[in-house]
Amino acid sequence: MKSSGLIVDVGPHIHGGNSIARTMHNQIIALIPAIAVGVYMFGAGAIRAIAVAVAAAVVFEYLMLRALKKPASALADGSAALTGLLLVLMLPADVPWWVIVVGVGASIVIGKMLFGGLGAYPFNPVIVGWVILLLSWPGLINKWPRPNHMQWGGIAESLPAQTTIEIMKRYGVQMSDQFSILDSFLGFQPGGIGSVAGLALVIGGVFLIARNIISWQVPVGFIAGIFIFGGIYHAVDPTMYASPLFHLVSGTTLFCIFFLAPEHTTSPNTKWGKILFGLCCAALTIVIRTHGTHANGSARFAILLMNLLVPFFDRIRPPILGLPKKSKEAAADA
Amino acid sequence: MLNSLYEILMPLRAAKNLDKLPVNAVPAPEFLYVHLKQHEGAEAAPVVKAGDEVKAGQTIGWAMDFMSADVHAPMDGKVVDIERQPNPYGGFSSVVVIKTEGKRKSVESTPDPDYLSKTNGELLHRIRRMGVMCEGPAPPSIHSIFNPYMCPSRLVAHVGRDPLPPVDTLIVTAIDEEPIVSINQYMITRQSNDVPEAIKLMKKLSVVTGRTVLACLDTQKKEAEKAASGEAEVRIMSGRYPGTLRELTVWRLTGREIPAGASPMSVGVAVIPLRTAIAALKAVRDGIPQTSMIVTVAGDAVTPPQMVDALIGTPARDILKFCDVPEAPIKKLVFGGPIRGKSQFSFDMPITKGVNTIVALKVDKLVPIAENNCINCGACVEFCPARLQPNMLSRHCQFRVFDEIVKKHITACLECGVCGYICPSRRPMLQYFQNAKQQMKLPRKGNML
Ligand code: SF4
Ligand code: SF4
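Residue numbers (the numbering used here), protein chains in the order written: chain A, 60 to 393; chain B, 12 to 460.
Chain A on its own, in the form it takes in the complex (with noise of 0.2 Å):
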């Protein structure tokens, strides 16, 4: 029997078509609306950071597969440029251009290409590589631009721009109650060129999710969370504590629940394990706010310590078919 040169190889021999490519490239898509607005608010600086991360973040990624002794190839798949982007969109966009380079480099080499890349990682690089610039120069990545088209109004006016958050930590919820939440909500407010851009996040985030790129498992816990935990304080002493709603829409809330939290390799994968994990972010989301000094970066925090817990909530799974009862507590432990 002579051999027709067909392909042998072991099912499936159809595939649905989801790709790393796919999953990356969507994400970018979805950030385009933040980004709109950053330019909108930021002008041209935004742009130019934008640029610099993007090629800082493809270079390095390149020398990390050259050195690694890895196919080039990967740099198609683009997740190199969307951790620079995701990076870039939380700094002020006048920061300058070799803070940008180091923290992707940061980012790329040692978030996420020293421990194995993509996918090997146990903590989101972005926030590794946003932690270490502000360890370095935190007055240099703290010290926003205003943003054009914004209205300020009272106090605040007299103040050098700071985050809502850092205006409510500072002077009390009192005062950072003239911030509107609707105008919070659509981007203004003082921050990253596209983290606090609420609701371009929201609709990128919904895209994401339709898109079968992200699970609403994460997102939902997340913002259930921050509903019940800011809500829990609100309800205590509202003179002391910022309603839920100034929680979700203030700072870089939004982008960390769509955007940071359920990012694939630094989540859990389970239904409940990513519910959970949410949850637990936006619980400690509220704690860092209210009580902590990194107030700004609270968020980012939560995540970056929870991703330490991954491991745990991926124990929270249903049962494996067909184990005899008596063993469906051996399969947990396994």
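Treat each hint with caution, since some may be false.
If you want the footprint, here are the derived chain A segments under chain B, 3+ residues with CB under 8 Å [as the list claims (entries may be wrong)]:
| id | segment |
| --- | --- |
| 1 | 66–72 |
| 2 | 75–88 |
| 3 | 176–184 |
| 4 | 375–382 |
Hints in this document: simulated from the structure, not taken from any laboratory. The C-beta atom is built at its ideal place from N, Cα and C for all residues, glycine as well.
Dock chain B with the ligands against chain A, hints included.
For chain B with the ligands alone, coordinates are given in the frame of chain A:
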């Protein structure tokens, strides 16, 4: 809403309306290559030799154990040779090469209208002598469905367990396990006259004490109700893969989970595909041996899908030629469904009793499978019907930590291939698991070797 999202990732549904296609008989090729191993268990022993004249329906191979069934000559002709050839399901086996004469004609039958008065043992024996098997990668024999005690490999999973409970539910399923496959749906529409009698026969063979269920797709509800004519309760089930697998059919209809590697009998359920039931009925009532298969020919190289009736031993090349499918664009030829079927290396591979579908694929759009990293997206965990963690299991397999996968219960894996189907990394999931099971000498699903 959630349902439709699920559809985006998992559009794998049972074929619909293929059962309405006309079924044409493929003319007999010049040479038929009839494999003596078309089943799990031992190869059948040849009872003819080169130079013998054979008649259609004459026994040419004797089943050597209860996991197998006799093999018959599909046509009048002359045995040219008995040689070792690659088996479509792996390895080598003996092939009786028959030079055919004249036109296809129906086989001689030995009717037995009084079959219901026979004992179950006699009936099972006659079914085995008539060569009736299920289809699929490792077609189980009727014996191994109704009497697993006779089949050592099916019994391994029962060792140390209580004796098998009596069968209280009999499931005759008219739903095909994989997309594209449509043979069982075909039976409901086209051979509905035989359905009640077949169900009656299956009730007798399984000694069922409780209910009998005829499972069918929603599109066939009316036909099924008419065909069952009160012999069985008709239950509509979704045709979404992998819920159509036998193990999951049992679970969805009765709520019982079959222990890893065991037969449905261990939870008191007998499952039999409708086509097999009707073939068994024809064997005992009309004395017709199984010498041909109704094959669905589909895939992106075949438009539109077709159904043909082909003799066992017909090379795929002849079937494709009969269907007017050009060979040149075909890059992959799969026997069986598109998920768990076996890809063949040659167009000359003959069909066996396991082959109910031939899928011809162009494979031009697919990203090739590669040992990419798992990005831990969780899609496989979400969709695994055995509720395993394919992401972790496949990592252990990739780096050959086989002890760990045993601890993580790889034996529960149904080898359904869903994890490989949705993996964005295009990891060879099924290959990892099959290889690991082979290495650890664990029972495999759908493996004849
Ligand atoms: S093949 Fe994959 S999806 Fe199917 S049961 Fe096995 S591990 Fe689960
Ligand atoms: S589907 Fe593939 S990439 Fe996603 S978790 Fe499973 S093995 Fe990993």
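Against the structure, the hints come out as follows:
1. 66–72: It holds: at least three residues are needed, and the segment 66–72 of chain A offers 7 whose Cβ sits within less than 8 Å of chain B.
2. 75–88: holds (count 6)
3. 176–184: It holds: at least three residues are needed, and the segment 176–184 of chain A offers 4 whose Cβ sits within less than 8 Å of chain B.
4. 375–382: holds (count 7)
Against the hints set out earlier in the document, no violation occurs for any number.
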